[in-house]
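2 protein chains.
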Amino acid sequence: MTIISNKGVVLKAHPKGMPKVDEHFELVDRTIDIENLKLGENEFVLRNLYLSLDPYVRLTLKEHEPKHERTINKASKKQLVQIGQIIIGAGVSEIIKTNNPNFKVGDLVYALNLGWEEYSHIKSDATSNFFFINKDLLKDIPLSYFASFIKRGGLAPYASLKYIGKPKEGETIFVSAAAGFVGQLVGQIAKIKGLRVVGSAGSDEKVDYLLNELKFDAAFNYNKVELDKALYEYCPNGIDIYYENVGGETLEVVLNHCNLFARIVACGMISQYNITDPKEKYGVKTLENIVTKRLYIQGFVVTDYIGTDIEKEYEKEIIEWIKSGKIIYKETIFDGIENVAKGFVDMLNGKNIGKYIVKLADY
Amino acid sequence: MTIISNKGVVLKAHPKGMPKVDEHFELVDRTIDIENLKLGENEFVLRNLYLSLDPYVRLTLKEHEPKHERTINKASKKQLVQIGQIIIGAGVSEIIKTNNPNFKVGDLVYALNLGWEEYSHIKSDATSNFFFINKDLLKDIPLSYFASFIKRGGLAPYASLKYIGKPKEGETIFVSAAAGFVGQLVGQIAKIKGLRVVGSAGSDEKVDYLLNELKFDAAFNYNKVELDKALYEYCPNGIDIYYENVGGETLEVVLNHCNLFARIVACGMISQYNITDPKEKYGVKTLENIVTKRLYIQGFVVTDYIGTDIEKEYEKEIIEWIKSGKIIYKETIFDGIENVAKGFVDMLNGKNIGKYIVKLADY
Chain A
1 MTIISNKGVV
11 LKAHPKGMPK
21 VDEHFELVDR
31 TIDIENLKLG
41 ENEFVLRNLY
51 LSLDPYVRLT
61 LKEHEPKHER
71 TINKASKKQL
81 VQIGQIIIGA
91 GVSEIIKTNN
101 PNFKVGDLVY
111 ALNLGWEEYS
121 HIKSDATSNF
131 FFINKDLLKD
141 IPLSYFASFI
151 KRGGLAPYAS
161 LKYIGKPKEG
171 ETIFVSAAAG
181 FVGQLVGQIA
191 KIKGLRVVGS
201 AGSDEKVDYL
211 LNELKFDAAF
221 NYNKVELDKA
231 LYEYCPNGID
241 IYYENVGGET
251 LEVVLNHCNL
261 FARIVACGMI
271 SQYNITDPKE
281 KYGVKTLENI
291 VTKRLYIQGF
301 VVTDYIGTDI
311 EKEYEKEIIE
321 WIKSGKIIYK
331 ETIFDGIENV
341 AKGFVDMLNG
351 KNIGKYIVKL
361 ADY
Chain B
1 MTIISNKGVV
11 LKAHPKGMPK
21 VDEHFELVDR
31 TIDIENLKLG
41 ENEFVLRNLY
51 LSLDPYVRLT
61 LKEHEPKHER
71 TINKASKKQL
81 VQIGQIIIGA
91 GVSEIIKTNN
101 PNFKVGDLVY
111 ALNLGWEEYS
121 HIKSDATSNF
131 FFINKDLLKD
141 IPLSYFASFI
151 KRGGLAPYAS
161 LKYIGKPKEG
171 ETIFVSAAAG
181 FVGQLVGQIA
191 KIKGLRVVGS
201 AGSDEKVDYL
211 LNELKFDAAF
221 NYNKVELDKA
231 LYEYCPNGID
241 IYYENVGGET
251 LEVVLNHCNL
261 FARIVACGMI
271 SQYNITDPKE
281 KYGVKTLENI
291 VTKRLYIQGF
301 VVTDYIGTDI
311 EKEYEKEIIE
321 WIKSGKIIYK
331 ETIFDGIENV
341 AKGFVDMLNG
351 KNIGKYIVKL
361 ADY
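So the protein lines, in turn, are chains A and B. With full-length UniProt numbering, the residue at position 187 of the first sequence is 187, and numbering never jumps. With full-length UniProt numbering, the residue at position 250 of the second sequence is 250, and numbering never jumps.
It is worth saying that the hints were derived from the structure and are not from the lab. Please note: incorrect hints may appear among the correct ones.
No copy is singled out in the list; a pair is fine if it fits within one copy or between any two copies.
[Stated by the list, open to error] Straight-line alpha carbon distances no greater than 25 Å define the calculated BS3-like cross-link-like pairs of lysine-lysine that follow:
#, residue 1, residue 2
1, K191, K20
2, K97, K166
3, K139, K123
4, K139, K12
5, K285, K16
6, K7, K193
7, K38, K139
8, K191, K323
9, K16, K229
10, K38, K229
11, K279, K104
12, K279, K229
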């Protein structure tokens with residue numbers, strides 16, 4: 001091989017609100033000459049195998065808008081993608097060229113800074129963004145699972161539920177956006193721990209999936225019921241842990257249903273992310289519950305746990321749970337770089353049950 | 001002594017909004033015959049020496065109004081005072097008659113269930129509401145300090161700052177309602193721990209007191225400045241701990257100024273307590289900061305700490321700090337049962353700097 005094709009997805013325009021495939025993304029047909037490409041110190045060429053389509057990438061696509069100076073965006077300014085640039089995500093890659101002494105050709109890595117492209121030339125010392133995949137595990141676990149689930153994707157819900165939620169047998173957990181990747185995993189781990197697990201989702205199909213495949217104790221379609229009534233019905237003993245993915249009015253209602261000393265794991269507040277004017281955000285009126293019920297609320301991001309003992313503990317437990325069938329992981333795998341933008345937009349529109357993954361190459 | 005006077009303050013009408021002395025309270029002139037009074041098992045007669053005038057008592061004066069069924073009031077239904085009943089508070093008393101084998105006549109106790117009256121006949125086994133006062137300490141510390149400050153009153157701010165706020169040298173703490181009893185103590189303890197201490201209060205006199213007597217690093221009158229601007233000016237490095245006494249719009253603005261991993265000690269949200277219609281409460285629109293900055297928010301009540309090792313640790317430290325002059329405790333002592341209602345209403349109206357105490361009898 002000398003010069004080969006290296007298609008990739010670049011940002012065509014900064015989306016406002018929900019991105020559209022044709023308006024905001026462009027598939028570009030490029031080439032790469034791997035043999036003759038000269039690597040700088042500690043550089044890499046990766047052959048990308050699986051891309052994970054994650055909601056956080058949406059935050060990197062917006063234009064830089066200074067808000068309240070002390071407000072921290074989930075995507076910092078330097079992570080924002082410029083128009084014409086390849087979009088950056090996470091996934092599984094094979095190292096096919098490097099001069100970094102800590103890596104060798106043929107290593108499989110979970111990489112946090114992959115381009116949405118077939119081959120990535122990583123120009124920085126990327127060691128802190130690369131994590132080795134133990135090939136021995138591949139006899140039991142599909143390689144695609146390492147594009148997110150076994151690695152960073154599952155670590156966040158696992159660690160936050162365990163160390164912020166502090167689940168105890170017999171308690172009730174309520175999970176919003178429960179059919180999403182995070183919600184599914186949180187609910188299943190909570191079942192393993194012996195909790196009553198109640199989830200909300202946006203379609204009857206998702207509710208069926210939660211009840212019949214994941215064995216949630218209760219689930220409801222939030223478009224069809226009034227949340228306050230639903231929580232009386234499905235959480236008869238109140239809520240001990242709220243796994244918060246949506247924010248806004250949902251949080252306002254849930255606070256009224258929390259028990260004394262309930263824990264709120266603040267994973268995301270997705271209902272508020274597309275509201276750019278701070279005055280238009282939903283105002284939560286029930287915060288006195290924090291004082292009167294001695295609630296505990298904590299935010300986190302996955303990087304708080306990466307590289308800690310909690311990460312090792314997670315990988316050990318999750319692999320056992322997958323092997324023993326205690327955790328069901330649902331993924332939909334699309335084929336080819338041509339399907340990345342469409343899969344990403346469908347995921348943002350909530351079409352997915354479980355994780356969306358794109359397979360870029362055979363391994 | 002046989003039959004003696006025992007004046008007390010009863011509830012005349014349930015206040016809505018701010019109570020008024022003549023409308024809602026009545027001084028009743030009663031008698032008590034201590035010698036001939038027959039005690040039931042484990043009963044007591046107390047001679048009340050000092051009453052503490054505390055904001056929480058206001059919560060016990062309202063009519064029972066079922067709100068959201070799962071909402072917990074700070075005062076539970078059984079704590080609510082009925083019209084014509086003696087109001088219940090905390091303070092220092094001398095036991096003058098008892099058949100409880102764990103107590104003897106002459107013991108001084110900090111009692112949580114005193115009537116606002118000169119003598120109280122305690123009909124229940126009140127052991128869990130009585131705490132012995134070590135008379136050896138009285139050579140260094142005025143007895144009035146035991147009516148709240150050294151006991152329950154100071155324990156709450158001490159423990160919550162230490163165990164929820166987790167103060168570290170060099171950090172910045174912002175305290176709302178900083179000239180109140182809780183705020184003063186929190187600010188002074190934070191100074192001892194080496195923090196930059198910034199407080200807000202509602203009058204220039206209070207601001208002067210915070211700056212000149214308590215040596216806060218900065219303080220401002222919230223009626224005269226815009227909070228957002230003030231926090232940029234007085235907290236140049238952002239806020240690491242917010243000691244929350246007021247809630248509502250203050251909390252909304254403070255969240256924007258919090259640093260990564262800031263802690264919010266949710267002591268009270270007094271700005272919201274007099275708003276009875278849930279729809280009229282202030283809606284806080286900046287909660288996304290919890291996720292993006294990984295904030296930690298926790299509510300508590302003092303009973304979470306009572307009887308724990310933290311309480312012993314508190315009493316030891318606070319007594320050392322008072323003796324060494326590191327903590328200034330400001331109290332205003334009124335004389336006589338006739339002044340209880342007026343002092344209480346003045347305190348609710350924010351007239352006090354420091355603690356209001358009523359002396360009922362010499363010791």
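Structure-based check of all given hints:
1. K191 x K20: Neither: 37 Å inside a copy, 54 Å across copies.
2. K97 x K166: For K97 and K166, neither the intra-copy (44 Å) nor the inter-copy (48 Å) Cα distance is at most 25 Å.
3. K139 x K123: neither (32 Å within a copy, 73 Å between copies)
4. K139 x K12: Close neither inside one copy (40 Å) nor across copies (79 Å); limit 25 Å.
5. K285 x K16: between (28 Å within a copy, 21 Å between copies)
6. K7 x K193: neither (45 Å within a copy, 58 Å between copies)
7. K38 x K139: neither (35 Å within a copy, 83 Å between copies)
8. K191 x K323: within (17 Å within a copy, 54 Å between copies)
9. K16 x K229: Neither: 34 Å inside a copy, 30 Å across copies.
10. K38 x K229: neither (64 Å within a copy, 53 Å between copies)
11. K279 x K104: neither (52 Å within a copy, 62 Å between copies)
12. K279 x K229: Only across copies: K279 and K229 sit 18 Å apart there, 29 Å inside one copy, limit 25 Å.
Consistency note: the structure conflicts with the earlier hints numbered 1, 2, 3, 4, 6, 7, 9, 10 and 11.
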